[in-house]
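Student: For reference, the chains in residue letters:
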Amino acid sequence: MFEDGLIFLNELFLERLNYVIYVVLLLIGLHAMIAKNNFIKKLIGMSIFQTAIILFYVSIGVKEGATIPIYLPEHDPHGEQAYATGGPEALTVEQVTSYANPLPHVLMLTAIVVGVATLGLALALCQKIYQGYGTVEEDELMAKLEKEDASSRKPKTHPAGKSSSKPEVSSRAKRSGTNSVGKTTAPQAKKSSGARKTKAPVKKATRKSDQKKGDSK
Amino acid sequence: MKNTSLIPVVLVGFLLFYASTDFPEWGDPQSPASSSPVSSHFIAKTGVDTEVPNMVTAVLADYRGFDTMLETVVVFIAGMAVLAILRNFSRKKPVKRGHEVSVEPDLIVTNTVRLVVPVIQIFSFYVLAHGHVSPGGGFQGGVLMGASFILIALSWDLERALTRFPINRCMVVAALGILLYAGIGVLSMALGGEFLDYAELEKVLPVSREMARYHAMLGVEIGVGFTVTAIMFALYANLSSRGRLEGGL
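Protein sequence lines, in the order shown, are assigned to chains A and B.
Residues in the first sequence are numbered consecutively from 1, following our numbering.
Residues in the second sequence are numbered consecutively from 1, following our numbering.
Check the hints yourself; a few may be wrong.
Under 10 Å between C-beta atoms, here's a sample of chain B residues computed to sit facing chain A [to be verified]: (1) 32; (2) 39; (3) 42; (4) 104; (5) 163; (6) 167; (7) 206.
These are calculated hints, taken from the structure and not from any lab test.
Being a predicted model, the structure only gives us computed values, none of them experimental.
Glycine included, every Cβ here is placed at the ideal spot set by N, Cα and C.
Please model the complete structure; the sequences and the hints are all you need to start from.
Tutor: What follows is the structure, encoded as structure tokens:
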């Protein structure tokens with residue numbers, strides 16, 4: 001039992017140290033993305049996560065006793081050897097093992113640049129959120145959004161809510177209609193027209209609040 | 001709250017550590033990635049197919065040409081999106097904050113940058129054009145070129161960099177890069193091949209089929225370099241000035 005564990009640790013930390021490093025980096029990034037409250041810190045976590053993946057790929061491309069994936073002078077398609085034999089020749093199996101795997105490098109090359117572009121996009125979104133709400137802390141932002149939702153509901157006497165589904169809205173409107181019946185003793189026939197009327201202002205109000213989100217502050 | 005987030009982290013960590021003992025050892029020549037027919041084919045045949053000594057460039061621009069083209073489009077779209085999110089056309093003067101002070105650009109910094117920027121730009125051309133025979137290529141050269149403009153913006157101010165590379169020209173250059181890339185693909189299609197089948201360009205270039213691929217790759221890399229240069233600078237210019245394109249950091 002103890003020896004098995006020792007072999008496991010030996011395999012993990014001596015022969016596969018690259019995987020340990022990438023897993024640790026990946027976990028740091030994952031934890032930052034989940035637990036941190038600040039959007040910028042979340043983005044830093046995302047970058048660390050990305051770096052872990054890049055490290056994983058590049059470390060897989062390593063080959064013992066191999067050189068970088070650029071042809072040595074003796075295999076160079078424009079080298080003296082190629083001229084002597086009248087053009088480059090395909091490499092043999094032994095020669096192939098002397099070059100590192102080019103594929104992970106290619107994949108990560110594009111991933112790095114696209115990662116920078118997406119990071120820039122995410123930072124732009126963060127900046128816009130900060131312009132709109134004055135904070136990039138998740139809990140403060142959520143509190144402000146809740147407040148705004150509540151204040152957009154207040155001006156109307158009836159419970160406007162979010163007007164998500166049709167039957168819900170009509171039932172709410174009916175309820176408000178009955179309330180108004182109790183107060184003003186309006187005729188029953190106006191109920192349905194009231195239901196129709198109340199729907200439109202609700203939508204307008206939510207739209208206005210949406211616009212305010214973008215413009216104000 | 002913070003402790004509950006540890007649960008998925010620990011779970012994922014346990015699974016990944018548990019799985020990593022099944023992965024190949026460090027530098028194992030017999031690992032699945034190294035012994036796969038795909039990478040063996042790339043290593044063995046790149047010289048014969050394209051006469052490009054740098055396999056990474058050949059795989060990037062030729063064998064995986066579609067992938068690289070659409071990655072470039074992703075970079076372009078990200079730049080456009082940042083512009084759309086942040087662009088602020090209002091003529092109002094931005095409110096000055098407490099920590100902002102207006103100082104003349106430092107003499108030592110600006111003179112150093114004056115010396116360094118041309119070297120960076122020439123080096124970026126070298127990296128871009130020499131990407132076939134040494135480490136380099138369109139992405140790296142483009143990033144270097146964009147960095148030189150960012151350096152100007154950092155040492156003087158954003159206006160100075162924008163007079164050299166206006167944001168409208170940025171977008172034109174970025175679109176031009178993708179157009180160049182796709183144009184080479186369409187041209188090879190018009191000459192009877194498939195999209196991005198560069199070998200067909202031998203009909204318009206005075207070279208062999210292999211060397212046609214070699215030269216088309218250079219054109220494609222230049223297209224990538226254009227797009228990356230412009231988008232890197234556009235990202236910086238927009239992010240540092242909150243879309244106003246003045247003042248900046």
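Student: It remains to establish, for every hint, whether it holds in the given structure.
Tutor: Checked hints:
For residue 32 of chain B, the interface hint holds, the least distance from its beta-carbon to any beta-carbon of chain A being 9 Å, beneath 10 Å. Using the Cβ-Cβ criterion of 10 Å, the hint placing residue 39 of chain B at the interface with chain A is satisfied: the shortest such distance is roughly 5 Å. Of the supplied interface hints, the one on residue 42 of chain B holds, with its beta-carbon coming within about 6 Å of a beta-carbon of chain A, less than 10 Å. With a least beta-carbon distance of about 27 Å to chain A, the hint placing residue 104 of chain B at the interface is violated under the 10 Å criterion.
With a least beta-carbon distance of about 22 Å to chain A, the hint placing residue 163 of chain B at the interface is violated under the 10 Å criterion. Hint on residue 167 of chain B is violated. Least Cβ distance to chain A is approximately 14 Å, over the 10 Å limit. The criterion of a C-beta within 10 Å of any C-beta in chain A is not met by residue 206 of chain B, whose closest approach is roughly 17 Å, and the hint is violated.
When each numbered hint is compared with the structure, violations occur for hints 4, 5, 6 and 7.
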